[in-house]
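Chemist: Letter by letter, the chains look like this.
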Amino acid sequence: MNFDITVLTANWPLFAWGLAETLCVCLVAIPCGFAIGTVLTLGARLGGGALQGVTRVYVEVVRNVPFVLQVLLLYFALPAIGIRMGAQSAGITALVCYTAAYSSEILRGALAAIPVGQTEAASALGLSELQSFRHVLIPQTRHYIVPATGNLAITLVKESAVLSVISVPELTYVSQDIIGRTFAPVEVFTALALLYWTLTALLSAAFASSEKLR
Amino acid sequence: MIQFSSTFAELDQFLSGATTTLCVALLSALFGLGVGFGLLLLRTGRWAPLQWLARLYLSFVRGTPLLVQIFLIYYALPGLVGIDLPPFSAGVIALSLNSGAFASEILRGGLSAIPRTQFDAAQALGLSPFDEWFRVILPQLARLILPPMLNELVLLVQGSALLSVISVVDLTRAAQNVMNATYRPFEALTSAAFIYFIGLFALSHGTRALRRKVPVARS
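Sequences listed follow chains A and B, in order. Number 91 in my numbering belongs to position 101 of the first sequence; there are no gaps in the numbering. Offset between the second sequence (1-based) and my numbering: plus 12.
In short, the hints are calculated from the structure, not lab data. Every residue gets a Cβ at the ideal spot worked out from N, C-alpha and C, and that includes glycine. There may be inaccurate statements among the hints.
So the derived label-pair ranges between C-beta atoms look like this [unchecked claim]: (1) B:ASP132 x A:ASP(-6): 54 to 60 Å; (2) A:VAL18 x B:ARG58: 46 to 52 Å; (3) B:ARG224 x A:ASP(-6): 53 to 59 Å.
Below 25 Å or equal to it, Euclidean Cα-Cα: the simulated DMTMM-like pairs (lysine to aspartate or glutamate) are [to be verified]: (4) A:LYS148 x A:GLU11; (5) A:LYS202 x A:GLU50; (6) B:LYS225 x A:GLU50; (7) A:LYS148 x A:GLU119; (8) A:LYS148 x A:GLU201; (9) B:LYS225 x A:GLU95; (10) A:LYS148 x B:GLU144; (11) A:LYS148 x A:GLU95; (12) B:LYS225 x B:ASP96.
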């Protein structure tokens, strides 16, 4: 068989658009997801009982339902109860929900690993609960949170490929589109895999160097 | 209006979908363990190019989306080597190759947790290499890798949902079929999500309980 490189060179603007969409979706979803995840964890710790229960249920549901199904639910099922979203919004929402659940687990685990004495010492010094998070607890979780967050970001870039199922025009969807017109699955899927591989390698290198910088 | 009656009438579709999901996940976990053993042999072997190859493989599997790996096996492999695979086999192969990378890490972790003295003792007793592995090391290894392998099974069940995209009629695809037949997407998809949730929640919490229960030999 022959590998027809012209399929790739002729369609590079499309790949670039797809890559831009993938990056765009992730860059919107990851920070929002982290913010919500942080609020969830802190809310569960400060709010106690009911809030803790709700967070727990939310995290367990997201962790125990396949991501494709979550995406399909948001896109096809929510309109039945009056919530209508375009493919891109549904896709971003799915990624945000996923990130929020996993990042809240990361933060919860990190906080649980800090000895209770630290919280007690902070309150003995007269710090409010929020102050003790901000100045005492969170700084101590960094060595755990930074690498875990890096891994989560890489996972999310990979999971964003699933959004192609509801026709979000990201990298994977664009590739399928190119194959639909060129009938060259070998070339296009190889290029697609290499693009993702490069992207995740760059991300993991970036996170590794940011860990060294500290 | 939410109404589950027409969806529940298709219960057998959900059940056969769930069976397919379970079959795919179990087969892939089993084959994945085989791939993982192979990779571990390559990685710990003496020949540097093979070690390098194994590392490249691990990096590729971890660095690319599972969906893309599935597409590569299902759509690109026929053009590359001329083998046309049916969706089910292509799916199981893709998931096994993916799982193998993680299984090799699990196996490596398990083996390193077995005290060196166990190997020494087996040799001191004059056991043959076969007996050493099959009667001393592997029974201990099985205990050590059971919890992380069950965890891997959870990930495989979730990953198998992606096979719906290449038209394997697993639980996700069954839900989509029911959705298209009944025009009730909310009911069909939430039913599938509920089934996944019950199964996976039980599996992951069972694993956690097992982690606390199963005693592990220490030197």
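Chemist: Run every hint past the structure and note whether it holds.
Modeler: Results for each hint:
1. B:ASP132 x A:ASP(-6): 54 to 60 Å: 58 Å, holds
2. A:VAL18 x B:ARG58: 46 to 52 Å: 48 Å, holds
3. B:ARG224 x A:ASP(-6): 53 to 59 Å: 56 Å, holds
4. A:LYS148 x A:GLU11: Holds, at about 13 Å.
5. A:LYS202 x A:GLU50: 33 Å, violated
6. B:LYS225 x A:GLU50: The hint holds at about 22 Å.
7. A:LYS148 x A:GLU119: Roughly 37 Å separates the two Cα atoms, so the pair is violated.
8. A:LYS148 x A:GLU201: With Cα atoms ~22 Å apart, A:LYS148 and A:GLU201 stay inside 25 Å; holds.
9. B:LYS225 x A:GLU95: Roughly 24 Å between the alpha carbons, so the hint for B:LYS225 and A:GLU95 holds.
10. A:LYS148 x B:GLU144: 42 Å, violated
11. A:LYS148 x A:GLU95: 19 Å, holds
12. B:LYS225 x B:ASP96: 46 Å, violated
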